[in-house]
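Dock chain B with the ligands against the given chain A, drawing on the hints supplied.
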Amino acid sequence: MKKETIHIKEWISDLQDFYFLSFQGLLGLVKRPFYSKDVIEQMDYSGAGSFFIILLISLFIGMALSLQLSAELSAMGFKMYIGKIVGVSIIREIGPVMTALVYAGRVGSGVASELGSMVLGHQVDTLRVFGVDPLRKLVTPRIIGSLIMLPALTIIGDTVSILGGYYIAVFVSHQSGSVYWTSIRGVLNFENVVSGSIKPFIFGYLTACISCYMGLSTKGGAIGLRRSTTRAVVASFVMIIVADFILTRVLFYIFGFSL
Amino acid sequence: MIVFDRVSFSYGIQQVLKGVSFSIPFNERVAILGGSGDGKTTLLKLIVGLLKPDSGRIVVDGEDITDKNEDELREVRTKFSIVFQEGALFDSLNVKENIAFGLREYSKMTEEEIDKKVRGLLGEVGLEHAIELMPEELSGGMLRRVAIMRSLAAFDPKMFLYDEATTGLDPVNADIICKLIVDLTQGGKGFIIVTHKVFDALRLAERFMFLKNGSILFDGNRDQLMQSSIPEIRVFLTELNPPLPASS
Ligand SMILES: Nc1ncnc2c1ncn2[C@@H]1O[C@H](COP(=O)(O)OP(=O)(O)OP(=O)(O)O)[C@@H](O)[C@H]1O
Ligand SMILES: [Mg+2]
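Going down the list, the sequences are from chains A and B. The first sequence lines up with residues 1 to 259 when you count with the working numbering. The second sequence lines up with residues 1 to 248 when you count with the working numbering.
Same shape as in the complex, but just chain A (with noise of 0.2 Å):
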């Protein structure tokens, strides 16, 4: 067989693993066994331990635009509007987008690296001599923690942004907070919590099934580990990205928004 031939067929097989991987990961949901402990540990290791740094992020993120806005807003004489827009971005768009990319370059790694480790140590090759699927044991459990834990960051970061730019807005640019609150109010409509709330669960099955994927086919030692890590957040960034846009499309068509 051509050489090419050969790398087009490794291609469409890739494809194809990762599709099943995709799958059987979310199907392990239902099927038994089901590892709860590992599932416990993963919610852990990615919810609990983003928690700062989205906190972090989300405040500094929030008061960043509330700044932006007021200097650009106030100039116009449109001030009440700070908190309209701001909340619409960050709940909408913002919020979901910046708290995924965060949650994947941090969990997205690791979640590769340690299973490109155990690749290489033999680890899952032992798990399947002692009949443990590794979809089961080491996909489903990371898929369901994101599943959660990326829905659950991403509301808490909405809010502390919220936060942020009330600080901002009230202290800074000398706005009546009842006004902000208001506009806050208004903007918590049903179509935009919806659509904030639905990126989550996409963004964090991607992330998880992308850096799982990646994990699990690492080979060629150190360089390989290397190789599939960068892969794994690279991916997830596009992907996410590349959904967000997908789905703001999709979400748009389906609530009537006219453009």
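It is possible that some hints are incorrect.
[Unchecked claim] Lysine-lysine pairs mimicking BS3-like chemistry, simulated, CA-CA at most 27 Å apart:
| no. | chain 1 | residue 1 | chain 2 | residue 2 |
| --- | --- | --- | --- | --- |
| 1 | A | LYS3 | B | LYS212 |
| 2 | B | LYS68 | A | LYS219 |
| 3 | B | LYS108 | A | LYS137 |
| 4 | B | LYS117 | A | LYS37 |
| 5 | A | LYS137 | B | LYS96 |
| 6 | B | LYS68 | A | LYS31 |
| 7 | B | LYS52 | A | LYS219 |
| 8 | A | LYS9 | B | LYS18 |
| 9 | B | LYS96 | A | LYS37 |
| 10 | B | LYS96 | B | LYS158 |
| 11 | B | LYS18 | A | LYS2 |
| 12 | A | LYS137 | B | LYS117 |
| 13 | A | LYS2 | B | LYS52 |
| 14 | A | LYS31 | B | LYS108 |
| 15 | B | LYS158 | B | LYS179 |
| 16 | A | LYS137 | B | LYS52 |
| 17 | B | LYS108 | A | LYS37 |
| 18 | B | LYS189 | B | LYS68 |
| 19 | B | LYS158 | B | LYS117 |
| 20 | B | LYS212 | A | LYS2 |
| 21 | A | LYS9 | B | LYS52 |
| 22 | A | LYS31 | B | LYS52 |
| 23 | B | LYS68 | A | LYS137 |
| 24 | A | LYS219 | B | LYS212 |
| 25 | A | LYS37 | B | LYS116 |
| 26 | B | LYS158 | B | LYS79 |
| 27 | B | LYS68 | A | LYS9 |
| 28 | A | LYS219 | B | LYS18 |
| 29 | B | LYS52 | A | LYS3 |
| 30 | B | LYS52 | B | LYS212 |
| 31 | B | LYS79 | A | LYS137 |
| 32 | B | LYS18 | A | LYS3 |
| 33 | A | LYS219 | B | LYS197 |
[Claimed, not checked] Facing chain A, from chain B, some residues (calculated, C-beta under 7 Å):
| no. | residue |
| --- | --- |
| 34 | LEU50 |
| 35 | ARG74 |
| 36 | PHE84 |
| 37 | ALA88 |
| 38 | GLY102 |
No lab work stands behind these hints, which were simulated from the structure alone. These numbers come from a predicted model, not from an experiment. Every residue, glycine too, gets a C-beta built ideally from N, C-alpha and C.
Positioned in the frame of chain A, the structure of chain B with the ligands alone reads:
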């Protein structure tokens, strides 16, 4: 009995095994010698179905395992006790949990019974004191001993498979492992050890194979090995009588 019938295997474009054939009864003590990257680990993984051959058949205990799926292979794998290179202990679990891993999967033992069994197994290799340690706290020799005990805790294997069991150990620890390997063959069980250490292979095995460039270059007993004129084997054998230091 393990039978390889013209088995070929490749990782992508790199062909590792080229039509390898042999048969090994479960009670035989076999050493498969070969250099780094010659496909020794690959061969062991094929025996337990962790990898699938590109062509050829693999028969274990009269059953053709070539096309078996993961569930059907569970049964086949319980016939072996396999110890991977460097031990492959789960580094998130301590020594006790590593050894108990198979027991928890395969048996319905109570916590107390598991504890007793684990202590018993560790006692056999003089490592009771290490029961709470994590793998990273163990020395190379301890790691291999724990790995060997883990591999046989849950099943009653018919044959042992060792991947480089003594590689990277000092002579004293290598000696401990070799003795353990011999002890475990009591009752007529055999093993396959893949290694590049001729010295240890000669202490342990009665049959020798030499793997090179994806083919078996040699298959025979000790005397045949010592008298072989194959240049690669001669190079391997120099490990036994090292040349004198070069003098001017
Ligand atoms: N997952 C993999 N993907 C691609 N190539 C691989 C993979 N695993 C091993 N190889 C390559 O296949 C060849 C045989 O590998 P194998 O691990 O069986 O060798 P080995 O004889 O056990 O070597 P060592 O003494 O280093 O353990 C090597 O050249 C290795 O680089
Ligand atoms: Mg090897």
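Against the structure, the hints:
1. A/LYS3 - B/LYS212: holds (24 Å)
2. B/LYS68 - A/LYS219: holds (25 Å)
3. B/LYS108 - A/LYS137: Distance of about 19 Å is within 27 Å: holds.
4. B/LYS117 - A/LYS37: holds (23 Å)
5. A/LYS137 - B/LYS96: Holds, at about 19 Å.
6. B/LYS68 - A/LYS31: holds (21 Å)
7. B/LYS52 - A/LYS219: Distance of about 17 Å is within 27 Å: holds.
8. A/LYS9 - B/LYS18: It holds: about 21 Å lies between the C-alpha atoms, which stays within 27 Å.
9. B/LYS96 - A/LYS37: holds (17 Å)
10. B/LYS96 - B/LYS158: holds (24 Å)
11. B/LYS18 - A/LYS2: holds (18 Å)
12. A/LYS137 - B/LYS117: holds (24 Å)
13. A/LYS2 - B/LYS52: holds (22 Å)
14. A/LYS31 - B/LYS108: holds (20 Å)
15. B/LYS158 - B/LYS179: holds (19 Å)
16. A/LYS137 - B/LYS52: holds (22 Å)
17. B/LYS108 - A/LYS37: holds (18 Å)
18. B/LYS189 - B/LYS68: holds (25 Å)
19. B/LYS158 - B/LYS117: Holds, because 20 Å separates the two Cα atoms, which is no more than 27 Å.
20. B/LYS212 - A/LYS2: Given that 27 Å is the threshold and the Cα spacing comes to 25 Å, the pair holds.
21. A/LYS9 - B/LYS52: Holds, at roughly 17 Å.
22. A/LYS31 - B/LYS52: holds (26 Å)
23. B/LYS68 - A/LYS137: holds (21 Å)
24. A/LYS219 - B/LYS212: Distance of about 22 Å is within 27 Å: holds.
25. A/LYS37 - B/LYS116: Measuring from Cα to Cα gives roughly 23 Å; hence the hint holds.
26. B/LYS158 - B/LYS79: holds (5 Å)
27. B/LYS68 - A/LYS9: holds (23 Å)
28. A/LYS219 - B/LYS18: holds (22 Å)
29. B/LYS52 - A/LYS3: Holds, because 21 Å separates the two Cα atoms, which is no more than 27 Å.
30. B/LYS52 - B/LYS212: holds (20 Å)
31. B/LYS79 - A/LYS137: holds (23 Å)
32. B/LYS18 - A/LYS3: This hinted pair holds, its Cα atoms lying about 18 Å apart.
33. A/LYS219 - B/LYS197: The hint holds at about 25 Å.
34. LEU50: holds (5 Å)
35. ARG74: holds (4 Å)
36. PHE84: Holds: closest Cβ of chain A sits about 4 Å from B/PHE84, inside 7 Å.
37. ALA88: This hint holds: B/ALA88 lies near chain A, its Cβ roughly 4 Å from the closest one there, short of 7 Å.
38. GLY102: holds (5 Å)
The structure fails none of the hints (numbered hints given earlier).
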